[in-house]
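Residue numbers (the numbering used here), protein chains in the order written: chain A, 1 to 303; chain B, 1001 to 1366.
One or more of the hints may lead you astray.
Not everything, but these chain B residues come out facing chain A in the computed CB check (under 8 Å) [claimed, not checked]:
1. L1072
2. T1108
3. R1111
4. D1121
5. N1127
6. H1143
7. S1147
8. I1190
I should point out that these hints are in silico values taken from the structure, not numbers from a laboratory. Virtual Cβ for every residue (Gly too), placed ideally from N, Cα, C.
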Amino acid sequence: MSTADTTLEGPSGDATPRWRQTLSLLAKNRLASAGAVVLIVLVLAAVFGPSLVPYGVNEQDIASRLNGPSGAHWFGTDDLGRDVFSRVLLGARVSLQVGVIAVGISLVAGTAIGLAAGYRGGWLDAVLMRLMDVLFSFPVILLAIAIVAVLEPSLFTLQLAIAVVFTPIHARVVRGSVLSVREDVHIQAVRALGASDLRIVAKHVLPNVAAPVIVQASLSLAFAILTEAALSYLGIGVQPPRAAWGADLQASQGFLASGSWWMAVFPGLAILVTVMAFNLLGDGLRDVLDPKQRSVIESRGVT
Amino acid sequence: MSAAPTGSTPVPGADGTRVLSVRDLEVSFATKRGRAHVVRGLDFDLHRGETLAIVGESGSGKSVSTLALTKLLPIPPGRIDGSARLTGEGLGGGEGVDLLALSERDLTGYRGRHVGYVFQDPMTSLNPVHTIGRQLTEGMRHHLSLSERDARDRAVELLEQVGIPGAAERLDDYPHQFSGGMRQRVVIAIGLSCDPEVLIADEATTALDVTTQAQITELVGSLQEELGMAVVWITHDLGVVAGIADRIAVMYAGEVVEEADADTLFADPRHPYTVGLLASLPIVGEGAGQHLASIAGLPPGPTDLPPGCAFHPRCGLRLDPRCETERPPLREVGPGHRVRSFYEVPDDDPHREPVRARVTGGEGEA
Chain A
1 MSTADTTLEG PSGDATPRWR QTLSLLAKNR LASAGAVVLI VLVLAAVFGP
51 SLVPYGVNEQ DIASRLNGPS GAHWFGTDDL GRDVFSRVLL GARVSLQVGV
101 IAVGISLVAG TAIGLAAGYR GGWLDAVLMR LMDVLFSFPV ILLAIAIVAV
151 LEPSLFTLQL AIAVVFTPIH ARVVRGSVLS VREDVHIQAV RALGASDLRI
201 VAKHVLPNVA APVIVQASLS LAFAILTEAA LSYLGIGVQP PRAAWGADLQ
251 ASQGFLASGS WWMAVFPGLA ILVTVMAFNL LGDGLRDVLD PKQRSVIESR
301 GVT
Chain B
1001 MSAAPTGSTP VPGADGTRVL SVRDLEVSFA TKRGRAHVVR GLDFDLHRGE
1051 TLAIVGESGS GKSVSTLALT KLLPIPPGRI DGSARLTGEG LGGGEGVDLL
1101 ALSERDLTGY RGRHVGYVFQ DPMTSLNPVH TIGRQLTEGM RHHLSLSERD
1151 ARDRAVELLE QVGIPGAAER LDDYPHQFSG GMRQRVVIAI GLSCDPEVLI
1201 ADEATTALDV TTQAQITELV GSLQEELGMA VVWITHDLGV VAGIADRIAV
1251 MYAGEVVEEA DADTLFADPR HPYTVGLLAS LPIVGEGAGQ HLASIAGLPP
1301 GPTDLPPGCA FHPRCGLRLD PRCETERPPL REVGPGHRVR SFYEVPDDDP
1351 HREPVRARVT GGEGEA
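Make the full structure from the sequences, and use the hints.
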């Protein structure tokens, strides 16, 4: 981050609201901005995909099957003569949806569990965290497979399975932070000022653990998308013919030997770019959200 | 349960209206090595505008006893007995309210509102993720139901009162943008925000450098004159105490061993521990190169208190056979001067020499 920053509102630039300062600081971080831009493009692709794609997802052109990238088919065509570009574009939809919903559920559940366990301590902590340990001890994919197998495979089950898998991660991150924040003198100080437990947890503990939670959430999004791709690859996630990166990757397997690299490379690249974008954004957010780190960045901008 | 005779005499500096009276305060904690008796039968009265200093070594129970007043201790391992009656306008219809008899829920209405706290380390007693404006207004909005506007206005006033330059602009700054001394001023402003009857300053200057210490003690003194609250000043630094306290209570092993108004305590200490404590103070310009006087040994742990007087194993005098077997009562030896000992340190005791030298020679300092 050796960027020679341009002007920045001074230390007392209090006219601009907080979130805009945060955004402008984030924009100064090139890697994080790159990640953010990629994600915005992805979200747009996911939202407007159906009206952007040159071909329908399952529109077949058997005559030109397994064609390499060309002007007509930018990413080539697959074994059924479907346009790979259209499928990759619409695959973003499934990946993002599954990622966001799954992480959303696990974030809420994990944060609630972590706050309760960490703040209350004692038997509640023991019970909740041992429960989380049980979930955590299963290999991620295996647990997800088990959940999908027990329930009936659908997009919702997939999201639920990934959410269950990620809940203990969030719960642990939150509980760990809460344990240290809880002992801080400033928590004692607001208690001495007459704040109730609920108020302390919501207004004083939660904001102090928010930074690691947000960072963890953006990293989890990356992993959730990977997990979704893996499950789809294994055939228990998104079912073909629906467009999904993992499933397409799996379908491409038989044709790699015959040289149809584009069928595998483009969905794979999509996964890679998405995961990386989330990771970069997560790193950038971590720097900007920490007030101490933040003033370092701010002062760097001033001098 | 000590039924200590409590002759509470109003003291100069106070206007005689009692705001807090603590009786038989006992705090103990369940530990693996048995019950730890941290505070054993504490009695004190606090009047409007008065500063009571509680001095003692680490672990003497001075902090715990004040935290116990509003039950700011983990209660399952801890246990608090006794009473802490808060009297003031509209409190319990003139009868006052026993804080220790209140439920946790009701107590939250008293913490901060009637009893304010200032903690030791200003570096950690502010929440790093909230602006100081938000932290300052929180108590006022909660207790006094002020609107955001009014609370902010009052916050600016408070910051000006505690001497923070450019108060209005600094409201939106974060704690890390303040120096240690400035932060402690903010913490004091928070403690004062709801205009409490009692302000408890728990080692409030210990983490600060000497110059800042002086500024903070002076500040609290002048605020006290202005606002008329009672201050409990907890410290282990007798130098700080000498400058601000009206009355001093010396604590040892969870009990008060001597209590008197500040002048009397410094000029005429009667308990061997107080005498030893004062004798150990260095005298500026004298005795250079000599060892400082010290009290041999360590305070007893709260789980294995000695029988009899808690101080007797370290006491060089032990002038009464009961010292080792019987817990001495708190005796009144002069107006408002109470000593927990069977005897008084004789006038010709060698330890009294440095104390006398301090009082006569070291006038004006501290």
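Here's how the hints hold up against the structure:
no., hint, verdict
1, L1072, "holds, 6 Å"
2, T1108, "holds, 5 Å"
3, R1111, "holds, 4 Å"
4, D1121, "holds, 6 Å"
5, N1127, "holds, 4 Å"
6, H1143, "holds, 6 Å"
7, S1147, "violated, 18 Å"
8, I1190, "holds, 7 Å"
When the structure is compared with the earlier hints, a violation turns up for hint 7 alone.
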